[in-house]
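Visitor: With the hints as your guide, set chains U, P, B, Z and G with the ligands onto chain X.
Residue numbers (this note's numbering), protein chains in the order written: chain X, 133 to 585; chain U, 133 to 585; chain P, 133 to 585; chain B, 58 to 244; chain Z, 58 to 244; chain G, 58 to 244.
These aren't lab readings, by the way, just hints derived from the structure by calculation. Cβ coordinates follow ideal geometry from the N, Cα and C atoms, glycine included. A couple of the hints might just be wrong.
[Unchecked claim] Quick list of the computed label-pair ranges, beta carbon to beta carbon:
hint, chain 1, residue 1, chain 2, residue 2, range
1, X, 521, P, 249, 20 to 26 Å
2, B, 99, P, 415, 38 to 44 Å
3, Z, 129, U, 302, 52 to 58 Å
[Stated by the list, open to error] Stretch by stretch, here's where chain P covers chain X in the computed footprint (C-beta under 8 Å, at least three residues):
hint, region
4, 348-355
5, 477-484
6, 545-556
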Amino acid sequence: MADGSHASAWGEAEILSLFDASTGELDRRVLSDEGLYRLELERIFARAWNFMCHDSQLKDPGDWLISWIGEDQVIVVRDDDGRINALLNTCRHRGNAVCRAERGRAKSFVCSYHGWNYGLDGRLIGVPGLKTYYHDDLDRSRLGLARARVESYLGFHFATLAEDAPSLHDYLGEVGRIGLGMLCAHGEVEVVEGIQKNVIGCNWKIAVDNLFDWYHVAYSHNSAQAAGFFDISKILHPKNQMVMLGEFGHAIGGPGIPPERQATIDGLTDDEREAMSRAQGENQPRIRPRRAAELMGPVGVRSEGHPNIFPNLWITLSGVQMCLRLPRGPSKTELWWFTIVPKAAHPALKRKMIWEANHIFGPAGLLEQDDGENWTQATRSARGVAGRKLGQRLSMGLGRDEAAASGNGGSAIEGLISEHGQRWLYRAWTEWMAARDWAQLKANHSRPPTGTV
Amino acid sequence: MADGSHASAWGEAEILSLFDASTGELDRRVLSDEGLYRLELERIFARAWNFMCHDSQLKDPGDWLISWIGEDQVIVVRDDDGRINALLNTCRHRGNAVCRAERGRAKSFVCSYHGWNYGLDGRLIGVPGLKTYYHDDLDRSRLGLARARVESYLGFHFATLAEDAPSLHDYLGEVGRIGLGMLCAHGEVEVVEGIQKNVIGCNWKIAVDNLFDWYHVAYSHNSAQAAGFFDISKILHPKNQMVMLGEFGHAIGGPGIPPERQATIDGLTDDEREAMSRAQGENQPRIRPRRAAELMGPVGVRSEGHPNIFPNLWITLSGVQMCLRLPRGPSKTELWWFTIVPKAAHPALKRKMIWEANHIFGPAGLLEQDDGENWTQATRSARGVAGRKLGQRLSMGLGRDEAAASGNGGSAIEGLISEHGQRWLYRAWTEWMAARDWAQLKANHSRPPTGTV
Amino acid sequence: MADGSHASAWGEAEILSLFDASTGELDRRVLSDEGLYRLELERIFARAWNFMCHDSQLKDPGDWLISWIGEDQVIVVRDDDGRINALLNTCRHRGNAVCRAERGRAKSFVCSYHGWNYGLDGRLIGVPGLKTYYHDDLDRSRLGLARARVESYLGFHFATLAEDAPSLHDYLGEVGRIGLGMLCAHGEVEVVEGIQKNVIGCNWKIAVDNLFDWYHVAYSHNSAQAAGFFDISKILHPKNQMVMLGEFGHAIGGPGIPPERQATIDGLTDDEREAMSRAQGENQPRIRPRRAAELMGPVGVRSEGHPNIFPNLWITLSGVQMCLRLPRGPSKTELWWFTIVPKAAHPALKRKMIWEANHIFGPAGLLEQDDGENWTQATRSARGVAGRKLGQRLSMGLGRDEAAASGNGGSAIEGLISEHGQRWLYRAWTEWMAARDWAQLKANHSRPPTGTV
Amino acid sequence: MTTLERTRPRRRTWEETPLAERAGLQFEVERFLYAEAALLDARRYRDWLALIAEDIHYWMPIRRTVSTSDLDLEFTKPGEMAFFDDTREVLEMRVKKLEAGSAWSEEPPSRSRHFVSNVRIVAVEGDEITVEACFRLYRSRLNSEADEWTGRRVDLLRRAGATFLLARRHLFLDQTVILANNMSTIF
Amino acid sequence: MTTLERTRPRRRTWEETPLAERAGLQFEVERFLYAEAALLDARRYRDWLALIAEDIHYWMPIRRTVSTSDLDLEFTKPGEMAFFDDTREVLEMRVKKLEAGSAWSEEPPSRSRHFVSNVRIVAVEGDEITVEACFRLYRSRLNSEADEWTGRRVDLLRRAGATFLLARRHLFLDQTVILANNMSTIF
Amino acid sequence: MTTLERTRPRRRTWEETPLAERAGLQFEVERFLYAEAALLDARRYRDWLALIAEDIHYWMPIRRTVSTSDLDLEFTKPGEMAFFDDTREVLEMRVKKLEAGSAWSEEPPSRSRHFVSNVRIVAVEGDEITVEACFRLYRSRLNSEADEWTGRRVDLLRRAGATFLLARRHLFLDQTVILANNMSTIF
Ligand code: FES
Ligand code: FES
Ligand code: FES
Ligand SMILES: [Fe+3]
Ligand SMILES: [Fe+3]
Ligand SMILES: [Fe+3]
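Here chain X stands alone, though its shape is the one from the complex (with noise of 0.2 Å):
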């Protein structure tokens, strides 16, 4: 297990040169090195805003549920105020874990080990012989469970344990709203009960930049095709594909609705485009109603492909799934699949939606199940002697494409299939990983570009 009480012996320089974003050369040593990876839990994870849960997750006070930073467990949960918390699962008193279920309901957190009793916002409200064995010489207002930063966004709650970092707001930018936008440009959504969880052999990150791959789409997948069980032709759309870069690594990657398409759909009310959507048939994008332009903005609006919040939150089918990434080693990631649909929805098209993320993605799903093998196999030889020293070629479309201002801080490149999306998250990745705090990452951190990239 790392330890990581140490320093690391990677030096700045040296981080900013394993990944060329000139070339698109990634150092393999980025997917399996155990230095690294404990530097990615202190300069990543520990200081990004990572996604916690949805609102309707925690319905009521005292509703909570386990999630992660990085390695470190979080217990979030609902107070009396309604608000949501995110203190760290570990007691002030000898460091037991306050909550071991996945989920639950308390009106407080008790220690198992000695009684120590923590209120829904974690302060610490009850010890045992307190008056007696204490003389009532407790600091009680410092040994509160650990909280970190709660900020949310249209209902969705992220959580980061840096007090430097920017407001929620300001993290995600335009690019990281348009991705929560898509969860909800169908109106008010909630999570389906259910999160499939599974662990992978794989970097964490070979995962995520898999979200903006698709070209791997119909190698990877071709079995799924084969089984008839999609039909890749009708969902790739290889030439109208649109990247959009946001500051501080957030991206999408994928289908793009052409202009001349998006003009006539903007021409149409929403019944209109309900009828349109059911006329296209299977495995077609809902098209997505008025209130959509709202939430993603008039490029936003045109993406039907991956978002990712960074570092490790994955938008996919145009907003009916979320896929959690979360780092356990460098060659172990842990994936949780969140299902998402409109609360008004009808029930049958709740049903189709719930069907279809059933069958898709997760450790069963009829796509997903492939790419495991693959990411476990490109970690793998990333540890070998000779296999690390070869790097990776990321280089689909560099120099081919021109970036524009997509009108509020984030640019947008549209073209066909390219690597766009991955350069841009590694390249993110060595400045996260460079810089000694957010002051400094703010300072040297890449803004999302315009002109040819």
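Guide: Coordinates of chains U, P, B, Z and G with the ligands only, in the frame set by chain X:
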């Protein structure tokens, strides 16, 4: 696997800063850091007097059993002169293990690789082909099994790898000797057949400090109370606690007999004490006979608590059981439960003692079951990037009690339930870890305090 | 998992001190230290000529199998020109494994992630979307599968990752060539279908040095004798041992044919030798025909011992089997058993050879079974804090024997059972490990000695 | 549990039938389940499909770690998310996928072993038999990867001439987080 | 082993009874053992206690790694230390403990699976049946912790009307050092 | 698979025999296989040998990881290399070896548990019965080493008076690279 073949990254000052005795603040990395663990094997286990076995476990010459010094296997064997030897279980030729069973009886130890043969005292007495292949040119006197120093007290055998360690008698000091004396208070003892062994996913020290922890009993073991297995109120005596502190980290914590009650007892004959014991009903420690005073001294004889012989030998149930906590990595500990009964005890009493030992502790024990879960979680959370920065809080009773010399080098604190014992343990731990050798440890270790603690 | 991405903590002098050839003292950390293990992958396995396969395993173009260079997977494949190629099994795009089975037949290798297609010589011949997505701008000539150098001797194919390695012929030198010659002494050979593979919890070097160890046979394999499986006295020839030493660590150890007996043999025709072989009964190596002299030379032809092609290829049963010892971590080794028979041998003889190979070695072999247990314990004890300081003693025959030049670069020692072979192995190991590159190794390695050894 | 509850009344009637008859049915049922398992381990997926009823519900809900007080939330319910929630049509797609030669998680194919143990007939209604069993699926892949899944299985068998058809299979896994790259094997 | 020895004479007589009768009893015994295991896995501890005889001896001795020459020392003997040495009263305490909601090693509750295999009736005397079986107890906890215990089990079943009562359970584990935080599960 | 293929015609005839008779034979066969397994786990090797026919072929081929298109190469064939390819004479040597007290891989002796599951009679010809089963061999050694092997087993039982003799045992393991120091245990 830890190799530990290179110097530790931990400097003396850094080590001493890991526990602040003035606040009771413990750095959590003490429970999770791989480098600290490797250093513990060198500076604590290889240096301390480690419990090997009790005399009754090796009745006849040739009787042997396997024990451990840290992660080094040791053969403990009675030789033909009746002496107990502790021999590293590794052949001097190519390192193969000379014994693989847990116990046995042997005339000599033959290595299964090439047949080198070692006497019960470890001397190399036979080498196949010595005359031919070796041309009689093998300095056998230098190639015996590596011997650890062995010394005994009251029939309990200990071993150390440190040439410069003090004698066992001095090492134990008053408090250690009281601990072993407690085991013999009712007369000469023997170990019952069958040592329960199991592995827990926790750091060895949290298992050790827990034995001083009378605060956890009520809450951790609530379910044993609910099951009607024991009555906490009868055993806890929260207001009559006595903590004894000895040199080099030895300590005793738990209920103490109030002076006035002890005075009454002192006035009784052994027969009267037995009658009194029978009268007091279940779960009450048996009242000690007169001989106990010589073994335990005027203060020690009043202890009904838990002695720990530093680093890892717990004496419990007022002397009916011992538990060794063997290190198996920063997050793994192997527990060995020994049950001790007076040789002369009535068979019915022996049965009763064995029945209680079988049902209280051990992996299926109605009390013990629940501890491991808390220790494992406390260890796990000490690994998290954020978790490990929080520290643990061992301040109970700090600055609230008076320590008085117990007469023979130790000191005693009487009062309420507290964390004095745990603080003494971790203070000693920093001293052991910071010392380069025994000379430095002798010079720099804390003496049992008097006055306010 | 070892990442090895940063420089080793081991300096040249420290490495050279790990084995003292003048006393035969071996530092046990050689068998347990993680840092040394990582350095072995770099300085031994990535640099040496590693055995890949025998010609008969890849009959036709497109036939391929997986082999290893240390922990790097290699595809060994016969291309359309009949040449054998050794290609790192990792795609140059994102690193996925291109082959996952153990063996197969292919027209080309298609990566399962994005479908890049590599020729049998490793050239990148197909890239989906090359014209469209890549705009035909991908330097395919630089993106073939990484090739290892491949050279062959007597149909045995070896590969190295070192550009600056000497030719295979020079690398093998006289002693290595004798080893391979032994396999072909009875005529052109083929590998029997089925390679036994298993994993043992020991360091790879203890499995290798064991092949020179004729001292362990009597004691380690006593039970096979007791079972009536073989008669040690018939095979051991303790007084007619011959050890041959070659450059770069190659060596042969075991029974030698006395000159006078060889003289008699030399006088016989091949038919007479066959008759003689049949006459001599069970467990006796078959007498070699005349052709053997050319392959093995006048001294080598007298060896019936165990050659090791440094680092890890053992030739055994006088040429009926080979065993590869593949490193899998400091405490883990994977064994591969190959069985070799002369193509022209009579079916009944082939059956007999296969039957013997099946029952002597391999995880269920009546001899082999017992070795793993000793090796595992020897490795384990090299990890202990005290155990690893004890050293191992490889002094048998040291300074007692005479080495004579064997005529073509190697030297031979004739006499009793000894540990000359083991000492030569570990001496070479220190030289390989201390050398920064081949130039340094060529300059600084020990030459086969003459005179007293 | 719920299943157990529900079937208790039914079971009683089943318990009343004569021993010999019950033992005979037990033999037939085990024989069928073992043969079915053998087909999967032999990768004879088409032959396996021949044993699947048109109306099968092949379902594996998601299990969660919950406190005693929340045990009603331990498994997801029908209509919620699940690992498997298949009709015969989906099972046919899974088989087609396995046959495609490009189902990378099963190419090269895994080595599976379906252990069916503690087989208990819990209800018999006309030609339909409800059977509970403990299962252990062992899967070995490539050189050394091994996964195992254990749990409780509730099957509904329906008589079809000389054999049975599998009309329902509900799988209650003993894991919450799936400790495997995928579940590409048929349970 | 001793048990095997001891029961050999008895067994012979049992072997003489007609095949049909023996097969029938085998069915009844397996059915009972599987149902009993299912109750534990379903956490229906009270229902399980209803199958336990008043005079049960529930015992798991400690196993030691010893040489062939010391195999008589492999298991501790009755009256020596053991992992379990329970009367019905103790088993009831174990159940109460599991129900308390504060048995932290089982709160949240583990997921257990009791595999009972190789069931062999080794003796029948009046209404008492001695049964040997191989057991495998699989336990999964929290997100990913898994333990397994295997071994030999010798049970004594006693007829009680339509069912049996468990009058003896001796568990001979295949482990010496228990590789688990605890043994908080009922075997 | 081949075996399955070959035995399909045969099996059909077997299927025709009356249920009661088939159930009875199933009971006898299981009883024999469980008793045989128990002897191995009890280390009663001599008693085990008494159940082995003179002409036994005890065989475990080597398994390889191959693509779907090469499945005919998955197992080595008779006459090629194998892990076990034993006559009775070799099995007797293995037993002698285990008894020698110097078979270091079994001294101190391992703790083994032979789980025999999914027992299926696939053919009956005269006094010879072909039986398939899933096996799991669990082996625990020293303090904490544990190995397991699972796979498919095809046995040939031959009636010999009141009992059977084992006339063939073919073991098809679910591993390619054996993940153990050795295979010193009898399967
Ligand atoms: S550790 Fe939580 S109360 Fe003590
Ligand atoms: S290793 Fe013990 S005799 Fe050689
Ligand atoms: S990784 Fe091989 S084609 Fe992309
Ligand atoms: Fe995919
Ligand atoms: Fe406790
Ligand atoms: Fe050997």
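Visitor: So, for every hint listed, does it hold in this structure?
Guide: Results for each hint:
1. 521(X) - 249(P): 20 to 26 Å: holds (23 Å)
2. 99(B) - 415(P): 38 to 44 Å: holds (41 Å)
3. 129(Z) - 302(U): 52 to 58 Å: violated (42 Å)
4. 348-355: holds (count 4)
5. 477-484: With 0 residues close enough to chain P, the hint is violated.
6. 545-556: holds (count 3)
When each numbered hint is compared with the structure, violations occur for hints 3 and 5.
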